[in-house]
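Enquirer: The opening residue of the sequence shown carries number 102 in our numbering; numbering runs sequentially from there.
Check each hint, because a few of them may be wrong.
Unchecked claim - Okay, derived cross-link-like pairs now, DSSO-like style, lysine-lysine, Cα gap no bigger than 30 Å in a straight line:
no., residue 1, residue 2
1, Lys229, Lys201
2, Lys229, Lys240
3, Lys201, Lys230
4, Lys230, Lys193
5, Lys193, Lys229
6, Lys108, Lys230
7, Lys229, Lys108
8, Lys193, Lys218
Stated by the list, open to error - Derived DEER-like restraints, expressed as beta-carbon distance ranges:
no., residue 1, residue 2, range
9, Ile182, Asp233, 14 to 24 Å
10, Asp177, Pro123, 19 to 29 Å
11, Val115, Ala228, 13 to 23 Å
Don't read these hints as lab results, they were simulated from the structure.
Ideal Cβ placement from N, Cα and C applies to all residues, glycine included.
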Amino acid sequence: PVAEIAKLLNENGVKMRFGIHPVAGRMPGQLNVLLAEAGVPYDIVQEMDELNDDFPDTDVSLVIGANDTVNSAAEDDPNSIIAGMPVLRVWKSGHTIVMKRSLGVGYAAVDNPVFFKPNTSMYLGDAKKQCDALLEALKRHYNA
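Turn these sequences into a full structure, and let the hints steer you where they fit.
Expert: Have a look at this one:
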């Protein structure tokens, strides 16, 4: 449903892009392949370095299943074991919505402060079901 969500938003004047962390997934490039297989147009898929400076001007960031790759502790906590790790700075957008199964930690076993920021909403559960529900809600909103 992510390609349908992107298409619906773009058709209704919403600038929508996908940001990919260089080490997201089980191997480099995996998310690019998965998005291509899902039918997401490649011209709206951007690497982390292409997108990071835009987050302060972004209204909403939707994070699906990520943890360490969007963890603000990498930049804000010099004592964190992930300090200095490059991350997608989603917390700098106006609002961040995070879809995850739980509030559990990622591979680095580090809590993610982004989950508790005032501009973050957590949407816990199965990502496929959540994306399906989001698509249906957007269809209702846009009368599509």
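Enquirer: Determine for every hint whether it applies to the structure shown.
Expert: Here is what the structure says about each hint:
1. The straight-line distance between the Cα atoms of lysine 229 and lysine 201 is roughly 10 Å, inside the 30 Å bound, and the hint therefore holds.
2. Restraint check for lysine 229 and lysine 240: the C-alpha separation of about 17 Å stays at or below 30 Å, so the hint holds.
3. Simply put, lysine 201 and lysine 230 have alpha-carbon atoms about 11 Å apart, close enough for the 30 Å limit, and the pair holds.
4. As the CA atoms of lysine 230 and lysine 193 are separated by approximately 27 Å, the hinted pair is consistent with the 30 Å bound.
5. Annotation: proposed proximity of lysine 193 to lysine 229 holds, straight-line Cα distance about 26 Å (limit 30 Å).
6. Our distance criterion of 30 Å between C-alpha atoms is met by lysine 108 and lysine 230, whose separation comes to about 18 Å.
7. Taking the CA atoms of lysine 229 and lysine 108, the gap is about 17 Å. The hint holds against a cut of 30 Å.
8. Of the supplied pair hints, the one linking lysine 193 and lysine 218 holds, its CA atoms being roughly 10 Å apart against a limit of 30 Å.
9. Isoleucine 182 and aspartate 233 have their C-beta atoms about 36 Å apart, which leaves the hinted 14 to 24 Å range violated.
10. For the pair aspartate 177 and proline 123, the beta carbons lie near 20 Å from each other, so the given range of 19 to 29 Å is met.
11. For the pair valine 115 and alanine 228, the supplied restraint of 13 to 23 Å holds, since their beta-carbon distance comes to about 20 Å.
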